[in-house]
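The listed protein sequences correspond, in order, to chains A and B. Going by the numbering used here, the first sequence runs without a break in its numbering and finishes at 642. Going by the numbering used here, the second sequence runs without a break in its numbering and finishes at 335.
Be a bit skeptical, because a hint or two may be false.
What the hints assert, rightly or not - Just a few of them, taken from the derived set where beta-carbon distance is under 7 angstroms, the chain B residues facing chain A:
(1) Glu80
(2) Gln254
(3) Leu258
(4) Glu259
(5) Thr261
(6) Lys293
(7) Phe294
(8) Ala295
(9) Lys296
Just so you know, the hints here were simulated from the structure itself, not pulled from any lab data. All C-beta atoms, glycine included, are put in the ideal place defined by N, C-alpha and C.
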Amino acid sequence: MDIRELNEKIQLESAFVDILTMEMKKVIVGQKDMVEKLLIGLLANGHVLLEGVPGLAKTLAIKSLAKSIKADYSRIQFTPDLLPADLIGTMIYSQKSEEFVVKKGPVFANFILADEINRAPAKVQSALLEAMQERQVTIGDQTFALPEPFLVLATENPLEQEGTYPLPEAQVDRFMLKVIIEYPGKEDEKLIIRQNVAGQFPTTTPVLKPAEILKAREVVREVYMDEKIENYITDIVFSTRFPKEHKLAKLEPLISYGGSPRASINLALAAKAYAFIRRRGYVIPEDIRAVCPDVLRHRIGLTYEAEAENITAEDIITDILNTVEVP
Amino acid sequence: MIFIRNQQNEIGKAFLFLLGIFFLFSSLSLSSQEVKVSLEPEKILIGERANLRFELSVPGDQTLNMPVFNETINEKIEILNYGSNDTIRYSDTNTLIITRTITVTSWEEGFHAIPPFVFFNVNGADTLALETDPLLLEVEPFSIEEQTDLKDVKTIFSAPITLAEMKYYILGVVLLILIIWLIIRYLKSHKKNPVPESIWEKPDIAAHVAAISSLEELRAQQLWQNGQVKKYYSRLTDIIRHYLEKRFQINALEMTTSEIMQAVKHIPEIRPVQNTLESILVLADLVKFAKQVPTTTENEMSLDGAFELVNQTKEEPRIEKEYQQEKKNI
Numbered sequence: 316m317d318i319r320e321l322n323e324k325i326q327l328e329s330a331f332v333d334i335l336t337m338e339m340k341k342v343i344v345g346q347k348d349m350v351e352k353l354l355i356g357l358l359a360n361g362h363v364l365l366e367g368v369p370g371l372a373k374t375l376a377i378k379s380l381a382k383s384i385k386a387d388y389s390r391i392q393f394t395p396d397l398l399p400a401d402l403i404g405t406m407i408y409s410q411k412s413e414e415f416v417v418k419k420g421p422v423f424a425n426f427i428l429a430d431e432i433n434r435a436p437a438k439v440q441s442a443l444l445e446a447m448q449e450r451q452v453t454i455g456d457q458t459f460a461l462p463e464p465f466l467v468l469a470t471e472n473p474l475e476q477e478g479t480y481p482l483p484e485a486q487v488d489r490f491m492l493k494v495i496i497e498y499p500g501k502e503d504e505k506l507i508i509r510q511n512v513a514g515q516f517p518t519t520t521p522v523l524k525p526a527e528i529l530k531a532r533e534v535v536r537e538v539y540m541d542e543k544i545e546n547y548i549t550d551i552v553f554s555t556r557f558p559k560e561h562k563l564a565k566l567e568p569l570i571s572y573g574g575s576p577r578a579s580i581n582l583a584l585a586a587k588a589y590a591f592i593r594r595r596g597y598v599i600p601e602d603i604r605a606v607c608p609d610v611l612r613h614r615i616g617l618t619y620e621a622e623a624e625n626i627t628a629e630d631i632i633t634d635i636l637n638t639v640e641v642p
Numbered sequence: 006m007i008f009i010r011n012q013q014n015e016i017g018k019a020f021l022f023l024l025g026i027f028f029l030f031s032s033l034s035l036s037s038q039e040v041k042v043s044l045e046p047e048k049i050l051i052g053e054r055a056n057l058r059f060e061l062s063v064p065g066d067q068t069l070n071m072p073v074f075n076e077t078i079n080e081k082i083e084i085l086n087y088g089s090n091d092t093i094r095y096s097d098t099n100t101l102i103i104t105r106t107i108t109v110t111s112w113e114e115g116f117h118a119i120p121p122f123v124f125f126n127v128n129g130a131d132t133l134a135l136e137t138d139p140l141l142l143e144v145e146p147f148s149i150e151e152q153t154d155l156k157d158v159k160t161i162f163s164a165p166i167t168l169a170e171m172k173y174y175i176l177g178v179v180l181l182i183l184i185i186w187l188i189i190r191y192l193k194s195h196k197k198n199p200v201p202e203s204i205w206e207k208p209d210i211a212a213h214v215a216a217i218s219s220l221e222e223l224r225a226q227q228l229w230q231n232g233q234v235k236k237y238y239s240r241l242t243d244i245i246r247h248y249l250e251k252r253f254q255i256n257a258l259e260m261t262t263s264e265i266m267q268a269v270k271h272i273p274e275i276r277p278v279q280n281t282l283e284s285i286l287v288l289a290d291l292v293k294f295a296k297q298v299p300t301t302t303e304n305e306m307s308l309d310g311a312f313e314l315v316n317q318t319k320e321e322p323r324i325e326k327e328y329q330q331e332k333k334n335i
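Whenever a hint applies, use it, and build me the whole structure from the sequences.
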């Protein structure tokens with residue numbers, strides 16, 4: 316398709332982005348970046364992991380997004396005693412029909428809020444992450460496809476580590492984005508105070524149907540990505556794997572493992588979604604740079620040396636972006 | 006009584022007669038079986054060899070068994086060579102002559118007795134043992150004259166090396182050379198071509214000189230005229246980025262268009278040509294990433310804009326700068 320035509324198509328199809336963003340802004344104050352990243356996850360069909368200290372409206376943001384779209388929504392509070400059956404469902408005996416029937420779990424919804432995902436043991440995390448990857452669930456001898464769109468938005472609290480089960484690297488890799496939520500600015504915080512003191516909490520209303528999301532996803536996939544951009548993506552991801560070969564020898568002792576091919580795929584998809592949000596039919600290096608930290612931060616393994624020197628994955632990503640030549 | 010004594014005398018005479026006949030026949034038989042042994046020489050120096058020769062003579066229908074020789078004859082005499090039997094049969098005299106020579110030596114000086122050797126003559130059921138005479142071997146030491154120089158034992162002579170012995174070594178060396186050559190050839194073929202030093206890396210060339218030279222080169226290449234529009238804009242933006250990096254020390258090569266514009270915003274020299282720079286970079290992004298095909302005018306204007314950018318922001322020579330400053334001060 317011609318880029319001009321694609322641009323026009325995107326102008327039309329992305330109109331809902333503004334409406335959705337406005338609806339979200341009614342409830343969420345000062346978290347523009349988080350809202351944008353949630354939209355990227357929604358449009359690129361990738362799950363999002365939100366990490367932030369308590370009280371930063373993580374849960375509220377996800378709840379608001381789900382409510383803005385006329386879709387099924389489930390909230391699962393992850394606790395240490397949660398079982399996989401509590402999540403995916405189980406077979407129960409019906410006295411009425413005198414047979415075992417399937418009782419579907421809360422995972423059968425369009426939007427899943429997995430609150431404090433690191434509080435549940437590995438087997439529950441595993442059950443959810445399997446559903447995220449396969450987009451289907453097997454209960455007894457029956458396999459059920461999950462509804463479309465299916466998006467898991469999980470939250471993690473970085474402060475309380477006691478009684479938590481950190482997500483293994485292989486499982487955290489299934490999240491397209493890991494978004495770090497920062498504190499709001501002073502002005503935004505004043506607005507939050509006013510809203511809360513007045514006791515008038517705005518609520519979101521559904522402005523979008525799931526079918527529109529699915530249609531938008533199709534358009535996102537059509538966004539043009541030049542080979543130069545693909546090269547830029549691979550350069551960045553390969554820099555995390557073999558820093559020495561990309562003039563980043565100083566990072567060699569700090570990285571224990573680099574991004575997987577899933578990192579490259581997700582970087583490309585997220586960049587396309589970002590370009591869509593910016594109403595562009597093509598990806599430019601800015602798009603890559605904008606989504607790169609969220610796509611890569613949970614995919615780079617740090618060594619003890621890096622941890623000892625308080626070097627974070629973000630520092631490494633910044634170094635990489637400042638070294639890899641932009642096409 | 007006298008009769009009995011006479012009878013006993015008769016019997017004794019007859020016995021003596023028969024005994025005499027027996028000895029007569031025995032001596033005749035022995036005389037035809039002979040064992041001789043000789044030593045040549047009987048006197049040797051330490052370690053020299055001597056031959057011990059046996060000669061056995063027996064009737065043709067009889068056999069004479071050789072003694073079994075060990076490694077030594079006695080404690081002092083060693084056998085070096087056991088030799089073999091040499092048999093000659095004389096049919097006219099019906100005699101069998103068996104000869105054998107063994108080689109002996111001794112490493113101790115003195116007189117060493119060679120004991121008699123015993124040979125067994127087997128004749129049907131009868132076996133007769135025949136002994137040789139004992140012999141004496143004299144072993145003398147080497148005479149050392151005190152006046153003469155003593156010489157050390159000669160070292161082992163090294164035999165000349167033949168080609169057959171060396172063939173495996175030669176083959177090994179040839180193989181080693183071949184392997185080294187192949188490795189060198191492989192490395193050379195896989196070695197990346199050394200990147201020639203870029204004009205931007207040469208410190209003695211001013212940023213604007215390098216930029217103008219590169220832009221002239223780009224113009225001469227006529228890339229967009231030959232349909233290589235994408236390559237043309239990639240080169241053009243590369244030159245501009247290199248120039249900005251060398252001239253203003255901003256990492257333009259690792260920056261996106263918006264980041265570059267943000268970085269140059271506060272550089273006073275760039276302010277007059279800021280819009281030109283932005284339009285070139287934005288157009289280049291569209292060509293590179295959005296398949297946009299610019300017009301001929303746009304292509305020419307982009308290159309002209311790049312020349313303008315360089316000419317307007319180039320670093321003035323120091324003397325010129327100082328002169329301007331002085332003029333301002335006056």
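Verification of the hints:
A distance limit of 7 angstroms between C-beta atoms decides the matter here; for glutamate 80 (chain B) the minimum to chain A is near 80 angstroms, and the interface restraint is violated. Because the smallest distance between the Cβ of glutamine 254 (chain B) and any Cβ of chain A comes to about 14 angstroms, over 7 angstroms, the interface hint for this residue is violated. Taking 7 angstroms as the C-beta contact cut-off toward chain A, the hint placing leucine 258 (chain B) at the interface holds, the least distance being around 5 angstroms. A distance limit of 7 angstroms between C-beta atoms decides the matter here; for glutamate 259 (chain B) the minimum to chain A is near 5 angstroms, and the interface restraint holds.
Hint on threonine 261 (chain B) holds. Least Cβ distance to chain A is approximately 5 angstroms, under the 7 angstroms limit. For lysine 293 (chain B), the interface hint holds, since its Cβ comes within 7 angstroms of a Cβ in chain A; the closest pair sits about 6 angstroms apart. Hint status for phenylalanine 294 (chain B): holds, given a least beta-carbon distance of 5 angstroms to chain A, under 7 angstroms. Below 7 angstroms, beta-carbon pairs count as interface contacts, and alanine 295 (chain B) has one with chain A at about 4 angstroms; its hint therefore holds.
With 7 angstroms as the threshold, the beta carbon of lysine 296 (chain B) comes within range of chain A, its nearest partner Cβ sitting at about 5 angstroms, so the hint holds.
Violation of the numbered hints given earlier is confined to hints 1, 2; the remaining hints are satisfied by the structure.
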